[in-house]
Amino acid sequence: NAAVRAHDEALTYSRFINGLSLAGIEVDRKVLADLAVHEPEAFGAIVDQAKAALAA
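In my numbering, the protein residues as written are 432 to 487.
FYI, nobody ran anything at the bench for these hints, they're computed from the structure. Incorrect hints may appear among the rest.
In silico lysine to any residue, SDA-like type, Cα no more than 20 Å apart, as pairs [said to hold, decoys possible]:
1. Lys482 <-> Ser445
2. Lys482 <-> Ala454
3. Lys482 <-> Ala434
4. Lys461 <-> Ala434
5. Lys482 <-> Asp439
6. Lys482 <-> Leu442
7. Lys461 <-> Pro471
8. Lys461 <-> Ile448
9. Lys482 <-> Tyr444
10. Lys461 <-> Asn432
11. Lys482 <-> Ile448
12. Lys461 <-> Arg446
13. Lys461 <-> Asp479
14. Lys482 <-> Ser452
Cβ-Cβ distance ranges computed for the label pairs, FRET-style [to be verified]:
15. Ala487 <-> Asp465: 24 to 30 Å
16. Ala487 <-> Glu457: 14 to 20 Å
17. Lys461 <-> Ala487: 26 to 32 Å
Just so we're clear, the structure is a prediction, and the values are computed from it rather than from any experiment. Don't be surprised by glycine CBs; every beta carbon is placed ideally from N, CA and C.
Whole structure, please, built from the sequences with the hints as guidance.
Structure representation (structure tokens):
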């Protein structure tokens with residue numbers, strides 16, 4: 432949740448998860464947490480894809 436807010440303060444965790452679903456991205460929440468900590472650029476790209484799916 433905090434990692435999502437770090438990339439976009441207006442994006443809630445539930446909207447992020449909804450965006451992932453709309454984008455067809457199936458990633459386990461544990462994997463998301465690991466990406467947020469160890470691969471912040473990859474996590475940021477996933478956040479951007481989720482935001483794009485929400486905007487479409």
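Going down the list of hints, with the structure as the test:
1. Lys482 <-> Ser445: holds (12 Å)
2. Lys482 <-> Ala454: Between Lys482 and Ala454 the Cα gap is close to 9 Å, so the pair holds against 20 Å.
3. Lys482 <-> Ala434: holds (14 Å)
4. Lys461 <-> Ala434: holds (13 Å)
5. Lys482 <-> Asp439: holds (9 Å)
6. Lys482 <-> Leu442: holds (8 Å)
7. Lys461 <-> Pro471: holds (14 Å)
8. Lys461 <-> Ile448: holds (13 Å)
9. Lys482 <-> Tyr444: holds (11 Å)
10. Lys461 <-> Asn432: Holds. Lys461 to Asn432 sits at ~12 Å (cutoff 20 Å).
11. Lys482 <-> Ile448: Measuring from Cα to Cα gives roughly 10 Å; hence the hint holds.
12. Lys461 <-> Arg446: Judged against 20 Å, a Cα distance of about 17 Å means the pair holds.
13. Lys461 <-> Asp479: holds (19 Å)
14. Lys482 <-> Ser452: holds (11 Å)
15. Ala487 <-> Asp465: 24 to 30 Å: holds (27 Å)
16. Ala487 <-> Glu457: 14 to 20 Å: holds (18 Å)
17. Lys461 <-> Ala487: 26 to 32 Å: Roughly 27 Å apart at Cβ, these two residues keep to the hinted range, so it holds.
The structure agrees with every numbered hint stated previously.
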